[in-house]
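From first to last, the protein sequence lines stand for chains R and D. In case it helps, numbering that gives the first Met the number 0 puts the first sequence at residues 0 to 380. In case it helps, numbering that gives the first Met the number 0 puts the second sequence at residues 0 to 110.
In case anyone wonders, no lab produced these hints; they're calculated from the structure. You may find that some hints are simply not true.
Below, computed lysine-lysine pairings styled on BS3-like, alpha-carbon distance capped at 30 Å [unchecked claim]:
#1 K42/D x K309/R
#2 K26/D x K165/R
#3 K42/D x K280/R
#4 K268/R x K42/D
These numbers were taken from a predicted model, which means no experiment stands behind them.
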Amino acid sequence: MSLDSRTQPGGADGYARQTAADRPGVAQPVPVRPLPAQPWSRILPFAIVLFALMLAAWEWHWRAFGVTPGMRNTDGLWAIQRRRIDHGEGNATVLTGASRVYFDVQLPVWEKLAGERPIQLAYEGTTPLVYLDDLAADANFTGRVLIGVAPDVFFTGFAYRGTAAKYAHKESPSQRIGQWLSMRFVEPYFAFYDPDYALETVLARQPWPQRPGRPARLDVRKLSETAADRNTHLWSKVDTDPAYRALARQIWRQDFVPSEDDPPPQKLKQMIADEIARAAKDVAALRARGVKVLFVRSPSDGEYLEFENKLFPREQTWDALLAATGAPGIHFQDYPELNRNWNLPEWSHLAPADAERYTAALYTIIERDFWPRHDQRQAER
Amino acid sequence: MLAALGLLTFALVNVTWVFFRAKTFDKAWSVLRGMLGTNAASKPILPMFGLLVVAVIVGSIVLTHWYMRGRTLESVVARAHPATVGTVWALLAFAIVIAQGSGAAFIYFQF
Chain R
0 MSLDSRTQPG
10 GADGYARQTA
20 ADRPGVAQPV
30 PVRPLPAQPW
40 SRILPFAIVL
50 FALMLAAWEW
60 HWRAFGVTPG
70 MRNTDGLWAI
80 QRRRIDHGEG
90 NATVLTGASR
100 VYFDVQLPVW
110 EKLAGERPIQ
120 LAYEGTTPLV
130 YLDDLAADAN
140 FTGRVLIGVA
150 PDVFFTGFAY
160 RGTAAKYAHK
170 ESPSQRIGQW
180 LSMRFVEPYF
190 AFYDPDYALE
200 TVLARQPWPQ
210 RPGRPARLDV
220 RKLSETAADR
230 NTHLWSKVDT
240 DPAYRALARQ
250 IWRQDFVPSE
260 DDPPPQKLKQ
270 MIADEIARAA
280 KDVAALRARG
290 VKVLFVRSPS
300 DGEYLEFENK
310 LFPREQTWDA
320 LLAATGAPGI
330 HFQDYPELNR
340 NWNLPEWSHL
350 APADAERYTA
360 ALYTIIERDF
370 WPRHDQRQAE
380 R
Chain D
0 MLAALGLLTF
10 ALVNVTWVFF
20 RAKTFDKAWS
30 VLRGMLGTNA
40 ASKPILPMFG
50 LLVVAVIVGS
60 IVLTHWYMRG
70 RTLESVVARA
80 HPATVGTVWA
90 LLAFAIVIAQ
100 GSGAAFIYFQ
110 F
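Produce the entire structure from the sequences given, and follow the hints as far as they go.
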């Protein structure tokens, strides 16, 4: 039997559709799609039940791993907070920075002491300057901004999540509705719905054979838990599960050993100078509008701190930043109440309980030395 | 003969894709040189997993087309055991959900 005769209408296949070519000179027939003969009324419930069972097993697997449902840390979630500035809260206190401000500063603690809940715009692995550029350009913003300085991110201009401002300004109605629906009907109920457990991500981190000349690099794993207003803390598993904590440290350690991808010393020096100049420009623009600016260097520890001290010595980075911007700053090493024996399970972020204590200590210093509660700005209102 | 012509077409289409996607002619020549193995001291960029995924997907596409060349989807479904149909259906739904997706990156919006 030829190939053609099988797919022709009425051929052995029995399901081929007619096209205009089958009926020359006759208008295109209305396509009728034949339904294969199967017991569909039994197949459908079977498929639904099987799907539900597989999904339940997947969800159970991640819950057993220690994951709980929470908000996805997305640009859409960031955009909700960013919009507050343009919708009546231009006078607010805004937190920017990388993961240290994001995970370490606890909004409820701050709110309890300050009487107002700050707007959390920090993003992990991302220089705050991306978002400071955006705030500097927004005339609606006249409040106060805390700028977190994690040396390796800040002074290299690294921006792992650098797209949120653009996203916030261009977010389409369908994206906004999708965010709303997801936050109400999906994210609060499913632990597996976290980017770290997406099928491709899970498969990619399996121990595949290594390709010669391309050593496998471990990607950063889930480190935090986020609430609807982006209040975020280090995931307790990093603190309580020794294997997971060791993995988190091992992932950071990849950056501590010199690699041929590292910028040469002269290039790094230039990067640091460029980022400081960029910060100075933003700070000048913000201060011209009456915005109060405060830099904060959050605690780090162990091998991470050693790495930072080696590659980003304080006098060439932090001190130079304050000098160039003329803005005040809080370095954790300058304040005994911030330079305590904190629990930083992976050297970079405070464990949840210490994050609360740290926030209280930090806010107390801020109110005492930098942003008095009833400052002139508020008196003028 | 047919297979050889098919492979030749495939190879030529791969060459044209380079010009379709490259931002500049310089980059296109660089990729073409790489495809011919003439880039000195080149370092592998893609991880093993990326190569495996492409091999599995492209291999499955070719096999599926091969198998379906003389068949319609309806006839294949009609001949399958009902449990197989239901299982495949459930697996597809499961895979879609656990893949999670990340934005709807439709390729033609990227040009």
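Outcome of the hint check:
1. Distance hint between K42/D and K309/R is fulfilled; the C-alpha atoms sit about 29 Å from each other, no more than 30 Å.
2. Distance hint between K26/D and K165/R is fulfilled; the C-alpha atoms sit about 28 Å from each other, no more than 30 Å.
3. Annotation: proposed proximity of K42/D to K280/R is violated, straight-line Cα distance about 39 Å (limit 30 Å).
4. A hinted pair counts as satisfied when its Cα atoms are at most 30 Å apart, and K268/R with K42/D qualifies at roughly 27 Å.
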